[in-house]
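Fit chain B to the known structure of chain A by using the hints.
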Amino acid sequence: QKEVEQNSGPLSVPEGAIASLNCTYSDRGSQSFFWYRQYSGKSPELIMFIYSNGDKEDGRFTAQLNKASQYVSLLIRDSQPSDSATYLCAVNGRDSSYKLIFGSGTRLLVRP
Amino acid sequence: ETGVTQTPRHLVMGMTNKKSLKCEQHLGHNAMYWYKQSAKKPLELMFVYNFKEQTENNSVPSRFSPECPNSSHLFLHLHTLQPEDSALYLCASSQKGGSNEQFFGPGTRLTVL
Chain A
340 QKEVEQNSGP LSVPEGAIAS LNCTYSDRGS QSFFWYRQYS GKSPELIMFI YSNGDKEDGR
400 FTAQLNKASQ YVSLLIRDSQ PSDSATYLCA VNGRDSSYKL IFGSGTRLLV RP
Chain B
32 ETGVTQTPRH LVMGMTNKKS LKCEQHLGHN AMYWYKQSAK KPLELMFVYN FKEQTENNSV
92 PSRFSPECPN SSHLFLHLHT LQPEDSALYL CASSQKGGSN EQFFGPGTRL TVL
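One line per chain: the protein sequences are A and B, in this order. Mapping of the first sequence onto the working numbering: position 18 corresponds to residue 357, and the numbering continues sequentially without gaps. Mapping of the second sequence onto the working numbering: position 4 corresponds to residue 35, and the numbering continues sequentially without gaps.
No wet-lab data here; the hints were simulated from the structure. Do not rely on the hints blindly, as some may be mistaken.
[Unchecked claim] The calculated lysine to aspartate or glutamate pairs, modelled on EDC-like cross-linking and capped at a C-alpha distance of 16 Å, are:
1. A:Lys-438 to B:Glu-115
2. A:Lys-381 to B:Glu-115
3. B:Lys-72 to B:Glu-32
4. B:Lys-72 to A:Glu-344
5. A:Lys-438 to B:Glu-75
6. B:Lys-72 to A:Glu-342
Bound conformation, chain A alone (with noise of 0.2 Å):
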């Protein structure tokens, strides 16, 4: 079992949509989890993070975190084609407090 694992996509939304993207992770001892944003060609760009479970929100961006689940997610609301990216969930190692461990990315494609 992979410890961060996400669905590849691409994920096809139309622009306006909400944008789902799931990310679960296999350390029930994780602490922060993060999202980044990666265009192609590009570096990866920190979106948001997040440490309670529940939801946190920043403006068209909501992260929510059920550990009981072990699962994280990223909403994306009014979609357009500028969030067409790749998006990367990273979890917090247990055995570390600074090391990422980065799931392979879902692709986001948003059509106009």
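Coordinates of chain B only, in the frame set by chain A:
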């Protein structure tokens, strides 16, 4: 701009060459990282430095040699690489003890001929 710079942005080298990648962070962070990103694979952590001390070597071949002279600068020295080492090499930094958000530089696209 994230406050993390990397040079060069692109590098083509032969298998017998020696080259170095440079990373500099202007964020006052105390931890720096090297990652490798190959096509269709997750980001692979290579090395971690915390306050200039190497705290992680993720079974990286010895043809990759990191150097961290201070908390703001990180180098990756390359020698006798293989074509399969062609990838995007990313540097990141974070503040250990804080929320540990890692901020990435733009990366160096390396091609080994």
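We went through each hint and held it up to the structure:
no.: 1; hint: A:Lys-438 to B:Glu-115; in the structure: violated, 25 Å
no.: 2; hint: A:Lys-381 to B:Glu-115; in the structure: violated, 20 Å
no.: 3; hint: B:Lys-72 to B:Glu-32; in the structure: violated, 25 Å
no.: 4; hint: B:Lys-72 to A:Glu-344; in the structure: holds, 12 Å
no.: 5; hint: A:Lys-438 to B:Glu-75; in the structure: holds, 11 Å
no.: 6; hint: B:Lys-72 to A:Glu-342; in the structure: holds, 14 Å
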